[in-house]
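Let the hints inform the model, and build the full structure from the sequences given.
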Amino acid sequence: MIPLMYCLIFASILFVIGLLGIMIRRNLYFLLLSFMIMSNGAIIALVAASSYWQQSEGQVLAIIAVITVLAESCVGLALLVKLFYRRKIFNIDSLSEMKG
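Quick note: the sequence shown, position 88, residue 88 per my numbering, numbers continuous.
Bear in mind the hints are in silico, worked out from the structure with no lab data behind them.
Since this is a predicted model, take the numbers as computed values, not measurements.
Be a bit skeptical, because a hint or two may be false.
Quick list of the computed label-pair ranges, beta carbon to beta carbon [claimed, not checked]:
no. : residue 1 : residue 2 : range
1   : Ser51     : Lys82     : 37 to 43 Å
2   : Ala71     : Ile22     : 15 to 21 Å
3   : Leu4      : Ala71     : 26 to 32 Å
4   : Tyr85     : Arg26     : 16 to 22 Å
5   : Tyr85     : Ile17     : 27 to 33 Å
6   : Ser94     : Glu57     : 40 to 46 Å
Note that CB positions come from ideal geometry on N, CA and C, so glycine has one too.
Next comes the structure, spelled out in structure tokens:
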């Protein structure tokens, strides 16, 4: 069995990579991917802690979190496709400019 500390370090590294991706990138597609990486880090921490304390509730909550993240990603990707068909851009800075 992998020690809890290694799992939590790996989960925090994933979370920080996702957070940096959200803060640095200006592309909506990469923002969506960074959000998914962040949520995967949180889910790994949840499963690791649940396995360490031998509680199945954390693993059930992790499955529900995976389903929720998957649904959010599907909706976000559908909105991205619709936005790309209308504006032909993925850049956040270009989206904030008003038409006048």
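Do the hints match the structure? See the list:
1. Checked against the given bound of 37 to 43 Å, the beta carbons of Ser51 and Lys82, roughly 40 Å apart, stay inside it.
2. Under the hint 15 to 21 Å, the C-beta atoms of Ala71 and Ile22, about 19 Å apart, fit the expected range.
3. Between Leu4 and Ala71 the Cβ separation comes to about 29 Å, which falls inside the hinted range of 26 to 32 Å.
4. Our hint of 16 to 22 Å for Tyr85 and Arg26 holds, since their Cβ atoms are close to 20 Å apart.
5. The hinted window of 27 to 33 Å between Tyr85 and Ile17 holds, with their beta carbons roughly 30 Å apart.
6. With their beta carbons about 45 Å apart, Ser94 and Glu57 fall inside the hinted range of 40 to 46 Å.
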